[in-house]
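Chains as they are written, first to last, in the numbering used here: chain A, 1 to 326; chain B, 1001 to 1119.
Please note that a few of the clues may not be correct.
Stated by the list, open to error - Below, in silico cross-link-like pairs of lysine-lysine (DSSO-like), each with a Cα-Cα straight-line distance of 27 Å or less: (1) A:171 - B:1083; (2) B:1090 - A:271; (3) B:1038 - A:271; (4) B:1113 - B:1050; (5) A:104 - B:1050; (6) B:1038 - A:270; (7) B:1090 - B:1113; (8) B:1038 - A:171; (9) A:104 - B:1090; (10) A:171 - A:271; (11) A:271 - B:1113.
Don't read these hints as lab results, they were simulated from the structure.
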Amino acid sequence: MKPLDRRRFFKISAVSLGAGALYRFAAPALGQAGEAARLLGGKNGETPTSFSFVQFSDTHVGFNGPPNPEGTRAFERAVEMVNASSPRPDLVLFTGDLTHDSEKPGEHADRMRLFRKISSGLEVPKVYCVPGEHDAALDGGALFRDAFGETHYSFDHRGVHFIGLDNVSLKKPAIGREQLDWLRKDLSRFPATTPIIVFTHRPLFDLRPDWEWFTSDGDQVMQALAPYENVTVLYGHIHREHAHREGNTAHYASRSLIFAFPDPDTGVPKKPLPFDGTKPFDNLGIRRITAGDASQPVRLDEVELTVKEHAGTIGMQQFRKEGEAL
Amino acid sequence: MKIARLTLALLCAAAIAAPASPQDEPAASDSAIAITAKRFEFQPAEIHLKAGEPATLAVTSQDVTHGFFSRPLGFDEELSPGKTVQIHVKPEKPGRYTVICDEFCGSGHGGMKMTVVVE
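Chain A with its partners taken away, still in its complex shape (with noise of 0.2 Å):
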């Protein structure tokens, strides 16, 4: 049997929900399981195995104005469509602005409250948060640690190493020394052919450092993954989709749950685009991506989605009524 080739064990393919990217993880064909065993058992004490994980990102509980007058709504038909999918997703990944900051006294919190409400329906077996700067930025992480505990942190799961990053607590578009070096560390304990996940809020490459969709140190990582075969990067922050590739490194950027940004390069302003009532889901993204290591390109489908209509949303206002906040 021919040896099996790392790297084209790790293949992802992504089906979008319409407000979220669902990845799927293929697994090696039968008589390479145990070569694949071989390879990576022992490594991070994973045995890979075929599953599924949805990124959601950009929730921006608390946002209620023209861009989306329906605050939660997208939000939590997500959350339905996760949990009416078979298979269920192993995993849902947050990437970051889960919540719309406040500086009323309470109503961050109050907001924070509401988004673990909303997906703490999240019928799966874990979910994962980083924050974004709307989160963070302006008390370091404190209500977010509250809620979630460490901005960046690492797990394993079958066979894939996941690294949460935080480029938003510093206030600025950055990572800091600190976090640089418990990454190095973290990565230090894995071999080159390890499969990377990281999943973070801001793009960790100059996308448009005008429109601040930039990690100012993200050079830096890139730099400590470099080593690793197979490295994926999640983000959110952007609004729109957005694939790009360095090195062994693809990058992705989900939609959001709220409202999108227009694609920079058509010479625009950097305002949301308005808001369609009778498409409330338009352009919080359908989308498919099947993509692969190195010598395979990236494959984006847009796909149509039905929209189920909704009886209604939580929002802020119904979650105060209802007592569960003040």
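Go by the hints and put chain B onto chain A.
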């Protein structure tokens, strides 16, 4: 290859905005262009500079900490409230450059920007 790309990037950046040397710096502070920052705007929203000529920007935050960032013009400053930061620039290439606040300052932060026109 990576080094060549980096070198090229540095050369490009230098071509757009060479840092001003001490003799380039305007002698009197009253020749500086005053800019104020407050949530969520810079005033004035647009300034004009001449290509190849040194200039000083005197930027002051009137409320909270802001950032003052432009990658092609080569500055990334933190603006503490009430403290004026002097930024010496010598833009070489004509064009319109966007300066943004890159320190999150509230809900309108994403739209806080100004334009430097180099003629």
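Broken hints, by number: As far as the earlier hints go, 2, 5, 9 are violated by this structure, in ascending order.
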